[in-house]
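Peer 1: One letter stands for each residue in the lines below.
2 protein chains.
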Amino acid sequence: MNLMTADPLVLFMPSGKRGRFPLGTSVLDAARQLGVYVESVCGGRATCGRCQVSVQEGHFAKHGITSADDHLSPVGPKEERYDRVRGLPDGRRLSCSAQILGDLVIDVPQDTVINAQVVRKAADARVFDRNPAVRMCYVEVEEPDMEKPLGDLDRLLAALATEWQFEDVEVDFHLMPQVQSILRKGEWKVTAAIHKDRDDDRPRLIALYPGLKNEAYGIACDIGSTTIAMHLSSLLSGRTVASAGTSNPQIRFGEDLMSRVSYVMMNPDGREAMTIAVRDALNGLIDKVCEQGSVARTDILDSVFVGNPIMHHLFLGIDPTELGGAPFALAVSGAVKLKSQDIGLPMNEGTRTYVLPCIAGHVGADAAAATLSEGPHRQEEMMLMVDIGTNAEIVLGNASRVVAASSPTGPAFEGAEISSGQRAAPGAIERVRIDPLTLEPRFRIIGVEPWSDEPGFAEEAASIGITGICGSGIIEVIAEMFLAGIISEDGVVEGSLAERSSRILENGRTFSYLLHDGSPRITITQNDVRAIQLAKAALYAGVKLLMDKQGVNHVDRIGLAGAFGTFIDPKYALVLGLVPDCDLAKVKAVGNAAGTGARMCLLNRGYRREIEETVRRIDKIETALEPKFQEHFVAAMALPNKVDSFPNLAQVVNLPERKTLSDGGEAGGRRRRRNRE
Amino acid sequence: MNLMTADPLVLFMPSGKRGRFPLGTSVLDAARQLGVYVESVCGGRATCGRCQVSVQEGHFAKHGITSADDHLSPVGPKEERYDRVRGLPDGRRLSCSAQILGDLVIDVPQDTVINAQVVRKAADARVFDRNPAVRMCYVEVEEPDMEKPLGDLDRLLAALATEWQFEDVEVDFHLMPQVQSILRKGEWKVTAAIHKDRDDDRPRLIALYPGLKNEAYGIACDIGSTTIAMHLSSLLSGRTVASAGTSNPQIRFGEDLMSRVSYVMMNPDGREAMTIAVRDALNGLIDKVCEQGSVARTDILDSVFVGNPIMHHLFLGIDPTELGGAPFALAVSGAVKLKSQDIGLPMNEGTRTYVLPCIAGHVGADAAAATLSEGPHRQEEMMLMVDIGTNAEIVLGNASRVVAASSPTGPAFEGAEISSGQRAAPGAIERVRIDPLTLEPRFRIIGVEPWSDEPGFAEEAASIGITGICGSGIIEVIAEMFLAGIISEDGVVEGSLAERSSRILENGRTFSYLLHDGSPRITITQNDVRAIQLAKAALYAGVKLLMDKQGVNHVDRIGLAGAFGTFIDPKYALVLGLVPDCDLAKVKAVGNAAGTGARMCLLNRGYRREIEETVRRIDKIETALEPKFQEHFVAAMALPNKVDSFPNLAQVVNLPERKTLSDGGEAGGRRRRRNRE
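Protein sequence lines correspond, in order, to chains A and B.
Quick note: the first sequence uses the numbering used here, first residue 1, plus one each step.
Quick note: the second sequence uses the numbering used here, first residue 1001, plus one each step.
Only chain A is shown next, with the shape it has when bound in the complex (with noise of 0.2 Å):
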């Protein structure tokens, strides 16, 4: 035991919050004097288990801390009855029980698991700060008495005063009707859920449950143009309980974004027929996670959203005509808070929802939460964070700034523009290496473990086809081809290299190159060619838009968002120059970040007020309006870039002979120097 006069020092992690306790105080009432998020329903009664700490032993020098078991309190009868009705996992202690002796270094462990409940799929494994904005708070209410002519309700809000510190406390209407069933069911014990949000929120009573309810979901939501992904999470434990995700049906109302603008404003009902497609999609997940989880769609609490702007305002029932053309006005931007009811998803009748804010008429909520996952606004580097899409969303910052703009990129990354495009699907070419010397290819499908020029490949490839070439494989092959000197700098298909191989076809007035002689036949053509040198020539012009108002000339790490960026290879990405030179270790699919956005504001309601006020502070960059955006587009239609160096690239890939420039008009194969300065 620590015998120092001093209060003991307790230590929580991980947060690091540490605080001096008069001798006998709570771990629980000590986590919340520090502002520590530890989870509580029964208010201290030992009932609900969800408190649960352990101590770390041993002798902390940094912190001056020799924390050991024995400087908590011993196992009472409280903590022992629950012990022996639920089971207490080996070191756990129950911290609204177990009272502060001596120095302590307490771990709050992010994943309590009460009711052994089998977790199918982590959206992803990290784990965050918990602060959900719904809380489950269990209260004893007092029963009616003719002197104190207090309503039902009011007691128990008097007792959510009492013993949660909720004042004030505002109540669902649909409740009231209700009240007094629930608490006489509950012998006057409940479990009220409240949901506060803001800080000045004033609470808010959005479900009563008779006795304790120890459990509450909530959902975060991706609506992609074209896939929408959605996990449910434990509000309680933060644990993801189940994942899906379903492709988007307003594909059927027009492919990429602006046809679905499109569909709108040629459809007097074009718009409410896409709210319903996207609302009845987002139901079926619901009931898809819920079925996974084992978890009753009455018991999702909070719900969180993001999606593009046009996916934004269609699914809140908004008419995306004003982002189909300057000035590209949203209708709304900043963040969106409702009753999921409102927006057709029932679940509880009390059911919140929060939507992320837009960034721009076409920066969305999707690229919010996901600069709110990868957090540029919280580091020194300078990040690039670029979401790929018919319209990409570029992000650029760091803790001093951040900027964000948009780039009319066109469909070509998804398949859309290229000969033998198609989306990536089983018998999609997706991986592509060309042998510099023989121009031979040799490449991987979909599907299909092995690479073409493996053993086993032409087995496995005939039952599935090979059907065309994704996204992935479009930047591959046209790297390759640029890498082998195929296709020169400004992207030439070489016909005199027809002589040398016959993988290089005449068609009319130019040439293309034959990557699989099969059924069908998938060639790169020159224009194919083209369409990836314009798409990532916008892409690339955006990014140097924005680095040109941070006033940097290069960036310490990139982030690749969305599906693209999950399954391009940062490498090709860097010779094709669709993103600035970087380390390439510090290249990264961020996978879909906007997702763990959402969740992470599902969990947190801390971090909407991060992401809201990272968002008024983002400068947004309306790319058509940079004078300067014409001669980046320019020199980016060169491989990697006319005047941009790519020296960290240099260093594992060699590069062919860059011109001059002073031969900048003049397409050719000559070559002088590597590129490596």
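Hints are computed from structural coordinates only; laboratory data are not their basis.
C-beta: ideal position from N, C-alpha, C; glycine also.
Any given hint could turn out to be false.
[Unchecked claim] Think about it this way: if two alpha-carbon atoms lie no more than 25 Å apart in a straight line, the pair counts; the simulated SDA-like pairs of lysine to any residue are: (1) LYS1196(B) to ARG609(A); (2) LYS1339(B) to GLU167(A); (3) LYS189(A) to GLY1325(B); (4) LYS1185(B) to LYS185(A); (5) LYS1628(B) to PRO1647(B); (6) LYS189(A) to PRO249(A); (7) LYS549(A) to LYS1339(B); (8) LYS588(A) to ALA399(A); (9) LYS628(A) to ASP1145(B); (10) LYS196(A) to GLU1170(B); (11) LYS185(A) to GLY1324(B).
[Unchecked claim] Example chain A residues on the side facing chain B (calculated, C-beta under 10 Å, incomplete): (12) GLU147; (13) LYS148; (14) GLN178; (15) PRO357; (16) ASP548; (17) GLN550.
[Unchecked claim] Non-contacting residues of chain A with respect to chain B, defined by C-beta distances greater than 10 Å in every case (computed): (18) ARG279; (19) LYS339; (20) GLU631.
Assemble the complex: chain A is given as a structure, and chain B must be docked to it using the hints.
Peer 2: Then chain B, alone, in the frame of chain A:
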């Protein structure tokens, strides 16, 4: 002009608030700084005309002010334009444009009529300070700009912050899909309806109109068990533009409150059926007042409802069963706020509803509203307020303390247990006089002007019929029987008088009084007298308990609320001993005080806080729990009372001689002394 060096002194009437303001301050700004409510929709653009004021000229010695028209700046071009286009009444100025140039007494008119609207019927003559929960705010919104990608709604909110100091406005979700088209329709000029009830509420955008919307309405409604009364008022001028009433269709489920509770208990769908019935009636009334007032239903943006606890619960869709038995637990006692459409009262999608708090299980929001209207808590005099129905709701108090109770009077006062009793309707006897010498009666019936002994009565009555006796008639006939010596102070009909008058009839072991020998024959039986004695004793005993709580033996002022209170003659109420002795000049019918209180809450949200605070402070007495109830009840069975004296009444009425207390046990006709102590 005032040439003092001090800033000009400005006094606002009728509020009496005053302050000094720098030369050139607009009168509107001065009013706002003092918290004087002056309406303004256009935000000082001199287009709405709502902010009209006038100058009281002259020397006001008491205030040290010499006020003159030219102490305001001359009429400028904006004001001149308004006068030309819309017309400004003589002497009126627009306070947003008129600047303070010297000392002033400013009249803030309470009836600024903008659209020359015809007022059909005033709810009552009282004019209240206004400060409605809904404000109409005209703003000019910045147009969208690619360089500033804030959403349309977000720019609107920014304008509300800049022009109206409404920070951090929340938005009703139903408006989000409409914002863009409304802004464009109004060419970026719109009027926002902002709801803000409590001072610490975040303001909320509940409706939005293109251009200047210079009108908004609200309804105030008292849901009685028998009758529902509704007023439609302008939230901008305070003027009541229509009033209407209807009978409560729940009557078909049960005449009185307890029979309606029984209906709910007996019938699985009973609660829902009664909720639908009352809401249907309310929807009909809303249509009616809208038609009368030529107001669009969607222009109603706020609403206030009151009712006794059972009406309150059924209106809100809450099962009233708990109110049918001890401990008479209200589901909710505090004020209830909701969206009108959530209770099936569609007006505008954003319309709000405020329901006043209930005082106790049998003392409802109607009693709270009556308290607010009559203001016992605002005065030094000890005021008694009674609202007589099946349960009498009783409030007694002054500025120091208010106490409340209900007493189970039963339905006798409504004519229900009286042999010839009937509702107040044409043909019902409502006034009675009995000649103490001849014992002959004369009376008036509803619908006929002359008394029964006056010329023309017979003809007029013949067409209507003399059908029964209503509540006020019963009170009068029994009081007159007592004054004429036909019944003793213990309520016994003196059989011995049958010798003197053929009006005294024998019915087996008791006697009755023949009031009208027609078809039907209208008699007052011994049972009738007993029924009234029981009812009035219950009421009086409740009042006495409250007087005990207050430690007083008399009251300074009595308000008789409701329909019964309106038609009853205060003198006869005292003769019967319904209420304690009081200066008759201070016993007043207060009409539909509940409806007036509802209207106050509609027009000034400050009254909502006042009644919420008052109800919290009111001490509630449960009569059934008070040991002295029985004793008070027994004493109150006598006419006017066995133990309490009625000195004020005795000054205006010859009360029969009173027996001494020692004779208490014995019924009979002996009288010793007049009650003049």
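Peer 1: Now, for every hint given, state plainly whether the structure supports it.
Peer 2: Quick rundown of the hints versus the structure:
no., hint, result
1, LYS1196(B) to ARG609(A), "24 Å, holds"
2, LYS1339(B) to GLU167(A), "22 Å, holds"
3, LYS189(A) to GLY1325(B), "22 Å, holds"
4, LYS1185(B) to LYS185(A), "53 Å, violated"
5, LYS1628(B) to PRO1647(B), "24 Å, holds"
6, LYS189(A) to PRO249(A), "45 Å, violated"
7, LYS549(A) to LYS1339(B), "47 Å, violated"
8, LYS588(A) to ALA399(A), "20 Å, holds"
9, LYS628(A) to ASP1145(B), "20 Å, holds"
10, LYS196(A) to GLU1170(B), "15 Å, holds"
11, LYS185(A) to GLY1324(B), "19 Å, holds"
12, GLU147, "6 Å, holds"
13, LYS148, "8 Å, holds"
14, GLN178, "9 Å, holds"
15, PRO357, "9 Å, holds"
16, ASP548, "16 Å, violated"
17, GLN550, "17 Å, violated"
18, ARG279, "13 Å, holds"
19, LYS339, "8 Å, violated"
20, GLU631, "20 Å, holds"
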